[in-house]
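**Q** Residue numbers (our numbering): 1 to 382.
Read the hints as simulated data drawn from the structure, not as lab findings. None of the values given here were measured: they were computed from a predicted structure. Glycine included, C-beta positions come from ideal geometry on N, C-alpha and C. What you were told as hints is all true, and nothing was included just to trick you.
Ranges between beta-carbon positions, derived for each pair:
| no. | residue 1 | residue 2 | range |
| --- | --- | --- | --- |
| 1 | T382 | R328 | 16 to 22 Å |
| 2 | E103 | E231 | 18 to 24 Å |
| 3 | R268 | G324 | 25 to 31 Å |
| 4 | T83 | I350 | 34 to 40 Å |
| 5 | I350 | N79 | 28 to 34 Å |
| 6 | D264 | R122 | 43 to 49 Å |
| 7 | G132 | D378 | 50 to 56 Å |
| 8 | E103 | P176 | 35 to 41 Å |
Cut-off 25 Å, straight-line C-alpha distance, at most; resulting in silico cross-link-like pairs (DMTMM-like, lysine to aspartate or glutamate):
| no. | residue 1 | residue 2 |
| --- | --- | --- |
| 9 | K108 | E121 |
| 10 | K370 | E334 |
| 11 | K370 | D49 |
| 12 | K182 | E334 |
| 13 | K182 | D49 |
| 14 | K108 | E86 |
| 15 | K108 | D127 |
| 16 | K259 | D237 |
| 17 | K108 | D228 |
| 18 | K259 | E317 |
| 19 | K370 | D341 |
| 20 | K108 | D129 |
| 21 | K370 | D359 |
| 22 | K259 | D269 |
| 23 | K370 | E88 |
| 24 | K259 | D228 |
| 25 | K370 | D340 |
| 26 | K182 | D13 |
| 27 | K259 | E241 |
| 28 | K182 | E10 |
| 29 | K259 | D238 |
| 30 | K259 | D233 |
| 31 | K370 | E343 |
| 32 | K259 | E231 |
| 33 | K182 | E47 |
| 34 | K259 | E240 |
| 35 | K370 | E86 |
| 36 | K370 | D344 |
| 37 | K259 | E318 |
| 38 | K182 | E2 |
| 39 | K108 | D49 |
| 40 | K182 | D359 |
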Amino acid sequence: MEPLLPMTAERPDAVAVIHDDRTRTWAELEREARRVARALAGVGLREGDRWALLSHNRLEWAELFLGNVLAGTRYVPLNWHLTTQELEYLLANSGASLLVVDEGNEAKGRAAAAAAGIASERVVVIDRDLPGWLAAHTPDGTDEPLATTVAGAPLLYTGGTTGASKGVVRSDQGAPIHQWVKGVAAWGGFIHMPAEGTMLVTTPLYHAFGAGVLGAALARRHTVVLRDRFEVDRFLDDVEEYAVTSAPLVPTLMVRLAKLVDHDWLGRDLSSLQWITHTAAPCPGWAKQALIDRLGPIVVEFYGSSEGTGPVVCTSEEWMARPGTVGRPNPMLEVSVVGDDGEDLPAGEIGTLYFRRADGAPTYHGDDEKTQASRLADGRFT
Numbered sequence: 001m002e003p004l005l006p007m008t009a010e011r012p013d014a015v016a017v018i019h020d021d022r023t024r025t026w027a028e029l030e031r032e033a034r035r036v037a038r039a040l041a042g043v044g045l046r047e048g049d050r051w052a053l054l055s056h057n058r059l060e061w062a063e064l065f066l067g068n069v070l071a072g073t074r075y076v077p078l079n080w081h082l083t084t085q086e087l088e089y090l091l092a093n094s095g096a097s098l099l100v101v102d103e104g105n106e107a108k109g110r111a112a113a114a115a116a117g118i119a120s121e122r123v124v125v126i127d128r129d130l131p132g133w134l135a136a137h138t139p140d141g142t143d144e145p146l147a148t149t150v151a152g153a154p155l156l157y158t159g160g161t162t163g164a165s166k167g168v169v170r171s172d173q174g175a176p177i178h179q180w181v182k183g184v185a186a187w188g189g190f191i192h193m194p195a196e197g198t199m200l201v202t203t204p205l206y207h208a209f210g211a212g213v214l215g216a217a218l219a220r221r222h223t224v225v226l227r228d229r230f231e232v233d234r235f236l237d238d239v240e241e242y243a244v245t246s247a248p249l250v251p252t253l254m255v256r257l258a259k260l261v262d263h264d265w266l267g268r269d270l271s272s273l274q275w276i277t278h279t280a281a282p283c284p285g286w287a288k289q290a291l292i293d294r295l296g297p298i299v300v301e302f303y304g305s306s307e308g309t310g311p312v313v314c315t316s317e318e319w320m321a322r323p324g325t326v327g328r329p330n331p332m333l334e335v336s337v338v339g340d341d342g343e344d345l346p347a348g349e350i351g352t353l354y355f356r357r358a359d360g361a362p363t364y365h366g367d368d369e370k371t372q373a374s375r376l377a378d379g380r381f382t
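Modelling step: build the complete structure from the supplied sequences, incorporating the hints.
**A** Structural data, given as structure tokens:
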């Protein structure tokens, strides 16, 4: 069977993912991902069907993520900070018929699933149930081709800053599986991710940022070191121990690094770092400049949203030349500033950003009214 990931063919026994004292080689990662895909099909999920994942960062996240790609399903990544009631809404609204949850979130996950109408036997606890669940649907030696031809994708929910969270169905998702690696690798290239190396991921994988860079990193031949939280000393230790080349960070974590004094950096060898990227919120200019001064012009910002309003990318050099800029849009994206009257505004005026993608506008899952409210008459969206 043809491998999904290039490194599975090129270096199957090399380490692909690390979490604490556990590892997966490329061959093991892809084998487990295929078992996940078969198990999803085994419980009746077909292309486009939804299932939910509620878990801290861990080794199985990568396996479940790739299994979703291979199954052609849509997984709903759930924020473990949410309340039971908030989780219930997302499960019910998405139509998820299966919940995979880690032990730390089991209690509220089960309660939310029950309230959303998901049967208890369709709640799989990673720490306890996952091995048996996979074994039941993927007997040893099974190597039959998977039935799906369309790559699975996430069903991402917006932060809910303008009302109830909305599930985003992107027009650029659902490509043929054989094109998935090429597509996510190209996305990584546009945000200046190195072609290979070791990536340290401390941002939560339930967020579009974390999962996006995870997929691109695996497609671009990176070993991925996963941590379930950011700790300054451990971050610096990991960079040294694993010769980390790439690190996605949110601005709050950049601020914590920027506040370190000279003594904290003394004796540290961070010369392996080639690329730090940030998004998700504005980063204070002083913090960004401090990291550029300390580590060199390796900081890349990208702007966007779950709806596909990016990436708009800004290198360190571009930002220093024009502090405050978020950079340039990718070639598939047209950006406009529109006034309250729906008319385009000239340069320098303040208005609402609207976007047009070459591959079409997104929709909100099960909500035609909100989909239409996000668009102008000519199809541009915000």
